[in-house]
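In the order they appear, the protein sequences are chains D, H and R. Taking the working numbering, the leading residue of the first sequence gets 1, the next gets one more, and so forth. Taking the working numbering, the leading residue of the second sequence gets 1, the next gets one more, and so forth. Taking the working numbering, the leading residue of the third sequence gets 1, the next gets one more, and so forth.
Hints listed in this document are in silico derivations from the structure and should not be mistaken for laboratory results. As the structure is a computational prediction, the values presented were derived from the model and not from experiment. Any given hint could turn out to be false.
As the list makes no split between identical chains, a pair holds if one copy fits it or if it spans any two.
In silico BS3-like links for lysine-lysine, alpha-carbon gap of 27 Å or less [said to hold, decoys possible]:
no.: 1; residue 1: Lys9; residue 2: Lys154
no.: 2; residue 1: Lys34; residue 2: Lys9
no.: 3; residue 1: Lys255; residue 2: Lys8
no.: 4; residue 1: Lys8; residue 2: Lys183
no.: 5; residue 1: Lys183; residue 2: Lys98
no.: 6; residue 1: Lys42; residue 2: Lys9
no.: 7; residue 1: Lys154; residue 2: Lys98
no.: 8; residue 1: Lys34; residue 2: Lys98
no.: 9; residue 1: Lys98; residue 2: Lys33
no.: 10; residue 1: Lys154; residue 2: Lys258
no.: 11; residue 1: Lys98; residue 2: Lys153
no.: 12; residue 1: Lys9; residue 2: Lys33
no.: 13; residue 1: Lys42; residue 2: Lys258
no.: 14; residue 1: Lys8; residue 2: Lys42
no.: 15; residue 1: Lys42; residue 2: Lys98
no.: 16; residue 1: Lys119; residue 2: Lys42
no.: 17; residue 1: Lys153; residue 2: Lys9
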Amino acid sequence: MIEKLWTKKDLISLSELTADELTLILDTAAEFKKVNRRRVKKVPALRGKTVVNFFVEPSTRTRVSFELAEQRLSADIINMTSSTSSLIKGETLLDTLKNIESLQVDIIVMRHAASGAHKLLSERLSCGIVNAGDGAHGHPTQALLDIFTMREKKGSLEGLNVAIVGDILHSRVARSDIIGLLKMGAKVTICGPATLLPREFRKLGVRVCDNLRNAIENADVINMLRIQRERQQASYFPSISEYASIYGINSETIKYVKPDALIMHPGPINRGVEVESHIADGPQSVILEQVTNGLAVRMGVLYLIAGCLGN
Amino acid sequence: MIEKLWTKKDLISLSELTADELTLILDTAAEFKKVNRRRVKKVPALRGKTVVNFFVEPSTRTRVSFELAEQRLSADIINMTSSTSSLIKGETLLDTLKNIESLQVDIIVMRHAASGAHKLLSERLSCGIVNAGDGAHGHPTQALLDIFTMREKKGSLEGLNVAIVGDILHSRVARSDIIGLLKMGAKVTICGPATLLPREFRKLGVRVCDNLRNAIENADVINMLRIQRERQQASYFPSISEYASIYGINSETIKYVKPDALIMHPGPINRGVEVESHIADGPQSVILEQVTNGLAVRMGVLYLIAGCLGN
Amino acid sequence: MIEKLWTKKDLISLSELTADELTLILDTAAEFKKVNRRRVKKVPALRGKTVVNFFVEPSTRTRVSFELAEQRLSADIINMTSSTSSLIKGETLLDTLKNIESLQVDIIVMRHAASGAHKLLSERLSCGIVNAGDGAHGHPTQALLDIFTMREKKGSLEGLNVAIVGDILHSRVARSDIIGLLKMGAKVTICGPATLLPREFRKLGVRVCDNLRNAIENADVINMLRIQRERQQASYFPSISEYASIYGINSETIKYVKPDALIMHPGPINRGVEVESHIADGPQSVILEQVTNGLAVRMGVLYLIAGCLGN
Chain D
1 MIEKLWTKKD LISLSELTAD ELTLILDTAA EFKKVNRRRV KKVPALRGKT VVNFFVEPST
61 RTRVSFELAE QRLSADIINM TSSTSSLIKG ETLLDTLKNI ESLQVDIIVM RHAASGAHKL
121 LSERLSCGIV NAGDGAHGHP TQALLDIFTM REKKGSLEGL NVAIVGDILH SRVARSDIIG
181 LLKMGAKVTI CGPATLLPRE FRKLGVRVCD NLRNAIENAD VINMLRIQRE RQQASYFPSI
241 SEYASIYGIN SETIKYVKPD ALIMHPGPIN RGVEVESHIA DGPQSVILEQ VTNGLAVRMG
301 VLYLIAGCLG N
Chain H
1 MIEKLWTKKD LISLSELTAD ELTLILDTAA EFKKVNRRRV KKVPALRGKT VVNFFVEPST
61 RTRVSFELAE QRLSADIINM TSSTSSLIKG ETLLDTLKNI ESLQVDIIVM RHAASGAHKL
121 LSERLSCGIV NAGDGAHGHP TQALLDIFTM REKKGSLEGL NVAIVGDILH SRVARSDIIG
181 LLKMGAKVTI CGPATLLPRE FRKLGVRVCD NLRNAIENAD VINMLRIQRE RQQASYFPSI
241 SEYASIYGIN SETIKYVKPD ALIMHPGPIN RGVEVESHIA DGPQSVILEQ VTNGLAVRMG
301 VLYLIAGCLG N
Chain R
1 MIEKLWTKKD LISLSELTAD ELTLILDTAA EFKKVNRRRV KKVPALRGKT VVNFFVEPST
61 RTRVSFELAE QRLSADIINM TSSTSSLIKG ETLLDTLKNI ESLQVDIIVM RHAASGAHKL
121 LSERLSCGIV NAGDGAHGHP TQALLDIFTM REKKGSLEGL NVAIVGDILH SRVARSDIIG
181 LLKMGAKVTI CGPATLLPRE FRKLGVRVCD NLRNAIENAD VINMLRIQRE RQQASYFPSI
241 SEYASIYGIN SETIKYVKPD ALIMHPGPIN RGVEVESHIA DGPQSVILEQ VTNGLAVRMG
301 VLYLIAGCLG N
């Protein structure tokens, strides 16, 4: 019944989806969340279908979450990582994936640094393409799990005040969150060091705010982005400890947070940087719940896409 | 019924098979090709059987094709790669595989550079051994998929003119193709730079030809071998571009190709070297069909072997 | 019925188990050994359960044995290796595993060099934890398979004379064997170069013996530990060849071995070092049988643990 409403073979970006389609994914995910609480956490929905996880950029959490989603849908699964695929020398990405498709693969879940790669491939291949993260552009299933968690905890997204804090500039999570949240009627504030805060988001109706207190004191949800300590981000602000004291949720800044506000983080968390340890483990944190919901959301996306593929 | 005719627990080289056995594999593969077109691409034929993919040399395509074949036969699968197996220090290959066999493994699919390794192991182990490529000696399932594709498109192999072009000297694909094609009654011509063209194949009844036009103008099938740019092959001919112009299928040389001749390539293709891009994607090319058929052929081989194992 | 007696969600060390619990594991494993001899080597016992193999230290044999055990129990399986997990930067082990648990994982099978890690995690996580080896501390499933093999071949462990020979100091296998064997009523002798022979085991009732003949001439079972040639062990004794002649089972020392004594080795064997080649392949050797039994024992452990998990 539900899948009749879904007509897309790909999930590339939330910008292509209507609010109704986003709601359909969230509703489908809610059903799969129930499956994951059963004694037998498995449904035969994708039995005899093949899903390839093609991760050109390394990833552990997202890949594991997708792989488990596929297993619980009873799909056949092939994992190809960057090191595996680099062995296919002298071949274009399109040729590699055309070859994979020729194995009667139904869905390719792909992480690739090039932002346009997913779109191009979705047009050239008849199998489904799911974007599992692409450079700094988008990470739609992460945004969907964030939105799912907010809706589950707060009832509705309409009018919800969501603050996203950190390195907005390099964050594919922030970009996808903003797109999805605005479609669902939420109000978004972004906050972070000025050097990491792209002002052009104002055009979309996002409030841009470089003062943490202003950003969070009315927020119903605070999504703290991860600082990529291993990358060059440190050059955008004086030091990690200064960043933590000004833009982290800690014993000081928690005073400005509403007592019923949710504290979110896409993980993996740098304890004591984005969120102080006792707060990350405290009653307002839904960080592990996000992980649980990610699995349900990915099951929902794969289920809907498989349902509208021809074969 | 069909599997009664099959009595071998191993597939090491096509030289050990009769034309009837080759035909049995092709017929079995044809059945599995139908399975791969179904909504549920899976049969329970190898349920409760264990297959180990033991790839001492790296490989992506062949391993993925085998792994998917095993999944669609419902086998339990263990993947061991060169890096994994190198961790088993101070142990001989035979000891490693004796240990694997002690886990009640049914079939070991092995890629190994040493040409004699598969034969030795097939004699020492009671589980089935499938050769997934061994140095420059043989690659029987690649040859089987090539032959399957020719038979499917051309009806019969009897009297079929097949030209194999490129680095014959180092190609396990060429070696296995020649053996299988001759058994099936095809006429084989090999062509390539003189330095890469072993004259001793003449003894087998193969036509040896260093002029491309002569080799291909009567060919019903042209199989273009991959140039291993990353290896030392370049030293066998002046330059890649010269090779491409003399031995590649391009806008010039396509003029000598019969309009209904098939153009094949084992992949991954170097576009513009062995085959010009528009020809590789054109109506005579069956390159992606070969990939599809490879899956069916591997399902057929594993099915036949599993059927004649004792347990 | 049988699983009612089992109440533990974790297997961290054999020291936590009673002789009855050890016997329950051995009896359960004996049932699964029968499954592994069937045509269809698979039971649905863990269908819809998820097991994560989290190997922070590399391992091939133990991981493959666990993975196959999980497949034959029909579990859903995620493999995470050291290289995979090192990608999760800036995160504690507890956070990594809390995240894994949030994916509704039932059991985590973990190899980790830190001896206390398994215990800590078993207290903090509600999913089951199985120790697949931890530094030099313990390797309970290896000990269980050793004990299973002895019981199967000798009928009972009560009063059985077991000699363990080699680098006792660094061996997690020896440590776990000793604990389990003493609980089951066996008499244990340890033997090896004085530098590798911890005298404190005497307190447990173990006979410590640096002369091989004295150690083995009354032994019903001789377990030869692997020399880690790649590690620094060589500095503990003059040379490998001297070690082999003094502490190896070879054409000379086999004269002191009772004709019905079992010769065991955890593998991978250094032929000609711990055991001479013809003896390793001879009638007294049960080395490959140990591999077979390891699979059955791991199936038994996973089955019992899954049966007492809440969900």
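Quick rundown of the hints versus the structure:
For the homomeric pair Lys9 and Lys154, neither the shortest alpha-carbon distance inside one copy (30 Å) nor that between copies (35 Å) is at most 27 Å. Both within a single protomer and between protomers do Lys34 and Lys9 lie at most 27 Å apart by alpha-carbon distance, with minima of 25 Å and 24 Å respectively. Taking CA atoms no more than 27 Å apart as the test, Lys255 paired with Lys8 passes in neither setting, with 45 Å inside one copy and 43 Å between copies. For a Cα distance limit of 27 Å, the shortest separation of Lys8 from Lys183 inside one copy, 18 Å, qualifies, whereas the shortest one across copies, 49 Å, does not.
Taking CA atoms no more than 27 Å apart as the test, Lys183 paired with Lys98 passes in neither setting, with 34 Å inside one copy and 32 Å between copies. For the homomeric pair Lys42 and Lys9, the shortest alpha-carbon distances inside one copy (23 Å) and between copies (22 Å) are both at most 27 Å. Taking the shortest alpha-carbon separations for Lys154 and Lys98, only the inter-copy value of 24 Å comes in at or below 27 Å, while the best intra-copy value is 43 Å. Within a single copy, Lys34 and Lys98 get their C-alpha atoms only as close as 36 Å, which misses the 27 Å cut-off; across copies the closest is 20 Å, which meets it.
With identical chains, the CA atoms of Lys98 and Lys33 are at most 27 Å apart between copies only, with a shortest distance of 18 Å across copies and 33 Å within one. For the identical chains of this complex, Lys154 and Lys258 are intra-copy neighbours only, at 14 Å inside a copy versus 69 Å across copies, given an alpha-carbon limit of 27 Å. Taking the closest pair of Cα atoms, Lys98 and Lys153 come within 27 Å of each other only across two copies (21 Å); inside a single copy the shortest separation is 42 Å, beyond that limit. In this assembly of identical chains, the alpha carbons of Lys9 and Lys33 lie at most 27 Å apart whether taken from the same copy (22 Å) or from different copies (24 Å).
In this assembly of identical chains, Lys42 and Lys258 lie within 27 Å of each other by CA distance neither inside one copy nor across copies; the values are 39 Å within and 53 Å between. For the identical chains of this complex, Lys8 and Lys42 are neighbours both inside a copy (24 Å) and across copies (25 Å), given an alpha-carbon limit of 27 Å. In this assembly of identical chains, Lys42 and Lys98 lie within 27 Å of each other by CA distance solely across copies; the values are 22 Å between and 30 Å within a copy. Taking the closest pair of Cα atoms, Lys119 and Lys42 never come within 27 Å of each other, the shortest separation being 31 Å inside a single copy and 30 Å across copies.
In the homo-oligomer, the alpha carbons of Lys153 and Lys9 never lie at most 27 Å apart, since the shortest distance is 30 Å inside one protomer and 31 Å across protomers.
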